[in-house]
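Q: Chain residues, written in single-letter form:
Number of protein chains: 2
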Amino acid sequence: MKTLIIVSHPTVEESGSQQFLIQSLPDDGEITLHVLEQTYPEGEIDLEKEQALLREHDRILFQFPFYWYSSPPLLKKWQDDVLTDHFAFGYRGTKLHGKEFGLVLIIGLPEKEYQTGGEEGFSISELTKPYQAMAKKTGMTYLKPLTIFQFPYLTEPEKKALLIAYQQYISLPQPISLKRKEDWVLDQLAKTSKETLPTEGAAFVLEAAAEAIEDNRMELDELRLHIDNYDV
Amino acid sequence: MKTLIIVSHPTVEESGSQQFLIQSLPDDGEITLHVLEQTYPEGEIDLEKEQALLREHDRILFQFPFYWYSSPPLLKKWQDDVLTDHFAFGYRGTKLHGKEFGLVLIIGLPEKEYQTGGEEGFSISELTKPYQAMAKKTGMTYLKPLTIFQFPYLTEPEKKALLIAYQQYISLPQPISLKRKEDWVLDQLAKTSKETLPTEGAAFVLEAAAEAIEDNRMELDELRLHIDNYDV
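If you're matching them up, the sequences are chains C and W in order. Residue 22 in the numbering used here sits at position 22 of the first sequence, with consecutive numbering throughout. Start counting at 1 in the second sequence, then tack on 1000, and there's your number in the numbering used here.
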């Protein structure tokens, strides 16, 4: 599965959150990073190039700071210029049908403000309706957004958890289940080169983690078997 | 009451609907028309000038084609640049408090497609949540939007009705009641110069229309009196 990450940010080099995410991306040929403001500093968008990029990928992500509950202007221009009639919708406009669409949103206020009575007063599900409507019109499956609230205040463990969630968001098949997350972690552990670990103890911890995940999975599968056989 | 109409359209001179609305605006000093793409062809926005404009007006309208369920990019840039912390929100950010905010939306598909099961699948109320949230955050009263569906297919009578609705939307105090609409029409009729009318018959029709409205109003007031006195 190939993923296209379309980033829009007026000053992406100075954004701690964007740099944190971008630098974590694996160089495995499955992921294309596309920063609009870097590709098009003059703001003129290459329609042919953009539509070719869309055709080549299965999952399309918009990654941006959620200023005024929407994207920066260049991403809106990209939508208006690239998602044309006969390509993205309308007669024979089926080029995006069946692809997946997701949002990676960087948000300044805490999650609890995004509800009735909160400071922002509306939920992320409400505020992202225009993107849901775009996915519907272009025949794409709308994924649950990855929302990153108050990045500068994240603790180190929270940042690590975010990196894992981000890697899974860009590469795991949907829907993301516990089983798929486990498989992903086991795969990452197997890929980890023993030589680069600082101590022999670290290698032991990794092995123990993999065993613990496998043990858990066996126990869960056994429980499910019991439930399935339970005569109501 | 002073109204600021902020228009955003990538090619406003070629837009039949925008020209139709713009040319109908009265030159009475109460209304300021502000076309962003004409004022800022290079896309660089003058923050001081824009914030001064906002301070001077009581009702702020965004008027634009509803491409991909949002504004053209320059209006989004205007939001990001002009609605700053300490001005529009945050500490001492009360400069817009108490003003009114409204949307004039030019929409390509018919109204019935904007509902669950329709081609667009979402209502205008759902799709405009980001603007509702902006009004909330900046302390402005959100007006019911003026939505113009499929302008090129409007009949002449529908276009005339639209002009009246538009004039009322930009100048009448909220909420727009039947009584206020009547007063507005009577006021317009009184202002109409008899000398410019094509025939004497036309002047008679205007007088008759004014009388009919006044008669209706008296009858309505009488009915209301009966209802108020009705002993439940």
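If you are wondering where the hints come from, they were derived from the structure by calculation, not from laboratory data. We put the CB at the ideal spot given by N, CA and C, even for glycine. Among the hints, erroneous ones may be present.
[Said to hold, decoys possible] Label-pair ranges, simulated between beta-carbon atoms:
#1 W:L1197 to C:T116: 49 to 57 Å
#2 C:W184 to W:T1011: 57 to 65 Å
#3 C:P26 to W:G1139: 56 to 64 Å
#4 C:E44 to W:K1179: 46 to 54 Å
#5 W:A1161 to C:L25: 26 to 34 Å
#6 C:P110 to W:P1010: 21 to 29 Å
#7 W:T1011 to C:P10: 18 to 26 Å
#8 C:G98 to W:E1113: 31 to 39 Å
#9 W:D1085 to C:E111: 18 to 26 Å
#10 C:P10 to W:L1197: 20 to 28 Å
#11 W:A1161 to C:G98: 52 to 60 Å
#12 W:K1181 to C:L25: 53 to 61 Å
Q: Please go over all the hints and tell whether each is borne out by the structure.
A: How the hints compare with the structure:
{"no.": "1", "hint": "W:L1197 to C:T116: 49 to 57 Å", "verdict": "54 Å, holds"}
{"no.": "2", "hint": "C:W184 to W:T1011: 57 to 65 Å", "verdict": "48 Å, violated"}
{"no.": "3", "hint": "C:P26 to W:G1139: 56 to 64 Å", "verdict": "45 Å, violated"}
{"no.": "4", "hint": "C:E44 to W:K1179: 46 to 54 Å", "verdict": "52 Å, holds"}
{"no.": "5", "hint": "W:A1161 to C:L25: 26 to 34 Å", "verdict": "55 Å, violated"}
{"no.": "6", "hint": "C:P110 to W:P1010: 21 to 29 Å", "verdict": "36 Å, violated"}
{"no.": "7", "hint": "W:T1011 to C:P10: 18 to 26 Å", "verdict": "24 Å, holds"}
{"no.": "8", "hint": "C:G98 to W:E1113: 31 to 39 Å", "verdict": "22 Å, violated"}
{"no.": "9", "hint": "W:D1085 to C:E111: 18 to 26 Å", "verdict": "20 Å, holds"}
{"no.": "10", "hint": "C:P10 to W:L1197: 20 to 28 Å", "verdict": "55 Å, violated"}
{"no.": "11", "hint": "W:A1161 to C:G98: 52 to 60 Å", "verdict": "43 Å, violated"}
{"no.": "12", "hint": "W:K1181 to C:L25: 53 to 61 Å", "verdict": "58 Å, holds"}
This entry does not satisfy hints 2, 3, 5, 6, 8, 10, 11, going by the numbered hints stated previously.
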